[in-house]
Amino acid sequence: MAFDTDTSWFPLFEFQDWVYQSFLLLPSPEKAAATPEAEVSARKWSRGSLVCGQAFRDAGRYTLTGRLIFSKGLELAVSASGALGSGDEACTFQATGTGVAGPLKGMISRLAGWVFPEVPILNGGGRVLSVRGSTWAVRGTDINPTIDPSGMPLGTVGQFVITRAATAADGSH
Numbered sequence: 061m062a063f064d065t066d067t068s069w070f071p072l073f074e075f076q077d078w079v080y081q082s083f084l085l086l087p088s089p090e091k092a093a094a095t096p097e098a099e100v101s102a103r104k105w106s107r108g109s110l111v112c113g114q115a116f117r118d119a120g121r122y123t124l125t126g127r128l129i130f131s132k133g134l135e136l137a138v139s140a141s142g143a144l145g146s147g148d149e150a151c152t153f154q155a156t157g158t159g160v161a162g163p164l165k166g167m168i169s170r171l172a173g174w175v176f177p178e179v180p181i182l183n184g185g186g187r188v189l190s191v192r193g194s195t196w197a198v199r200g201t202d203i204n205p206t207i208d209p210s211g212m213p214l215g216t217v218g219q220f221v222i223t224r225a226a227t228a229a230d231g232s233h
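The sequence shown begins at 61 in my numbering and counts up by one.
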């Protein structure tokens, strides 16, 4: 009797509301030189909603597209791909957010990180618990391509986290 021992999985994002938040670590020179336990300043870089469809699995990888929607109708088209997770281990991913219309047209941000699953994983799909990683300001908008729309210089790298939006029904935060 043969058993399927493949424990690989891909992320299940669809039909859920997601919150994207990014942060900049801004240590003063004194804090940067301090011991590892020292607190450093941080600033919220951005906040928005991630809307995406089904991830597609192909040859040990997955792909996913969606939109990152900020306040005032600002939006980036998102294209992501990554390696499948295995067991309760995270998937990896690389993504690009591109401004295709409106005030963010021409903007490019790159993201890299990990997709953490809820366990158990069923039928090769893992319901997403959270997504965490780094975001990099690659290009500003067509109007000002040499600076990120937030005013930060190109090449700025920050942290991001994507979590399920809180709902009254589930009491999550």
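Keep in mind that the hints were calculated from the coordinates and are not lab data. A quick note: this is a predicted structure, and the numbers were derived from the prediction, not measured. Using N, Cα and C, we set each Cβ at its ideal position, and we do this for glycine too. Just to be clear, a hint being listed does not mean it is correct.
Said to hold, decoys possible - Mimicking DSSO-like on lysine-lysine, the simulated pairs with C-alpha atoms at most 30 angstroms apart in a straight line are:
#1 Lys-132 <-> Lys-165
#2 Lys-91 <-> Lys-104
#3 Lys-165 <-> Lys-104
#4 Lys-91 <-> Lys-132
Stated by the list, open to error - Computed Cβ-Cβ distance ranges for the label pairs, DEER-style:
#5 Ala-102 <-> Asn-204: 19 to 27 angstroms
#6 Gln-81 <-> Val-198: 45 to 53 angstroms
#7 Thr-123 <-> Gly-166: 22 to 30 angstroms
Consistency of the hints with the structure:
The straight-line distance between the Cα atoms of Lys-132 and Lys-165 is roughly 14 angstroms, inside the 30 angstroms bound, and the hint therefore holds. Of the supplied pair hints, the one linking Lys-91 and Lys-104 holds, its CA atoms being roughly 19 angstroms apart against a limit of 30 angstroms. As the CA atoms of Lys-165 and Lys-104 are separated by approximately 22 angstroms, the hinted pair is consistent with the 30 angstroms bound. Distance restraint check for Lys-91 and Lys-132: the Cα-Cα separation of roughly 35 angstroms exceeds the 30 angstroms cut-off, and the hinted pair is therefore not satisfied.
Taking 19 to 27 angstroms as the suggested C-beta distance range, the pair Ala-102 and Asn-204 conforms, at roughly 25 angstroms. Between Gln-81 and Val-198 the CB atoms are about 19 angstroms apart, so this pair departs from the stated range of 45 to 53 angstroms. Between Thr-123 and Gly-166 the beta carbon distance is about 23 angstroms. The supplied range of 22 to 30 angstroms therefore holds.
Consistency with the previously given hints fails for numbers 4, 6, ordered from lowest to highest.
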